[in-house]
Amino acid sequence: MRDDLDASAPKDAVAAQLFPPWATLAARIALVSLVVLPLGLLGLLMTLQYTPYITGQSITPDQPVPFSHEHHVGGLGIECRYCHSSVETSRFAGLPPTHTCMTCHSQLWTNAAMLEPVRRSLAEGRPIRWRRVNELPDYAYFDHSVHVRNGVGCTSCHGPVDTMPLMRQAAPLTMGWCLDCHRNPAPHLRPESEIFAGHWAPPPGQEARGAELVRHYGIRTEHLADCSVCHR
Amino acid sequence: MRAALLLLPLVLTACKQEMAQQRKLGTHAAAPFWPDGTSARPLPVGVVARGALEHDRALAEPPPVTPALLQRGQERYGIYCAPCHGLVGDGDGMIPRRGFPRPPSYHTPRLRAAPASHFLEVITHGYGVMYGYAARVEPADRWAIIAYIRALQLSQGAELAAVPEAREKLP
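Respectively, the protein sequence lines represent chains A and B. Under my numbering, residues 1 to 232 are what the first sequence spells out, in order. Under my numbering, residues 233 to 403 are what the second sequence spells out, in order.
Careful, some of the hints might be misleading.
What the hints assert, rightly or not - Under the rule of at most 20 Å between Cα atoms (straight-line distance), these lysine to aspartate or glutamate pairs were calculated in the DMTMM-like manner: (1) B:K256 with A:D143; (2) B:K401 with B:E391; (3) B:K248 with A:D138; (4) B:K256 with A:E135; (5) B:K256 with B:D268; (6) B:K256 with A:D62; (7) B:K248 with A:E135.
Claimed, not checked - Chain A stretches covered by chain B per the calculated footprint, using a threshold of three residues with CB under 8 Å from any CB of chain B: (8) 86-99; (9) 135-145.
What the hints contain is simulated information worked out from the structure, not anything from laboratory work. It should be emphasised that the depicted structure is a prediction, and the values quoted were computed from it without experimental measurement. The beta carbon of each residue, even a glycine, is placed where N, CA and C say it ideally should be.
Chain A with its partners taken away, still in its complex shape (with noise of 0.2 Å):
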């Protein structure tokens, strides 16, 4: 075996080597990467979670008749219960039946061959397939009414709504983003008279004027965050 290698030797000295010398630093990268990867992967799919694409954040999806909440609230004027009418007393805000578009639309605009669905609608006594635009998963029960009787209100969640000529999701709707208000109401909480306004910023003494709120609401702070409020 010996005298084998030897004799060798002298002839290709580079092939007696089992590994090439790069193969140090193959073998360093190599473990260095069975470390990073693996962590790299999983902060990439934990990072996704957050990324629009999955929270639907800003997604507008297509509807089968483009309503324009611009239109009808920032323009014309029409509260929000107008039309979601049982915002104040179900866990549904109330999405409106096809004879709340045709209060006016019996009148107005009836030709138009944008509201066609509308009327056939109205015609079939079948509702009209609108797309969710704010979807939470079963497994979080959430309670408009108990919202908007305590303080938060409609933009808080659902954005600037007057303003946008279609529907989109305004937050990232992610348990962190309930956490964030539910562990600390206070800067959030506006009085019943703001409820349901369409621009709403914290004035200069929202400090003083939140923690005043959540003692006239009789909110119990300490058990917003429990498990069992939202998972039931």
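Keeping the supplied structure of chain A fixed, place chain B upon it in accordance with the hints.
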């Protein structure tokens, strides 16, 4: 090897969305089973819905007029009526300005003389080109709106002698 098998379920988590999209129908969910395609079902003929009797009773009995009732009426009027009837009830709302047939003013002799039951009937079932608002305005709120319409009527035909303290605010 056995340890690796134990880790396998960790890898498989979140592969299915059964928690996020459970096999149940949410509010207004589509349900192709029924001809109209919606899971929201109308009441079968002859059924008395829960709360229907209270609903009827609230329609039959006007509540006592209090400042709270008037405030509630003002708020509901602003939401459901003002778009057409205008904030003072003269029929000059934003929707008639955009071409909807103009509703009559509440301050005409006919509507000043109309009984409260007339307004209740119109809110509930509609009148002319006006659709009914029974689905959107609860019976108690209908009475509140009627009380507020009366306040509007009073405001547009009030005598200065009735509110002497208002004189100094007038130009």
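May I ask which of the numbered hints given earlier this structure violates, with the numbers listed in increasing order?
6
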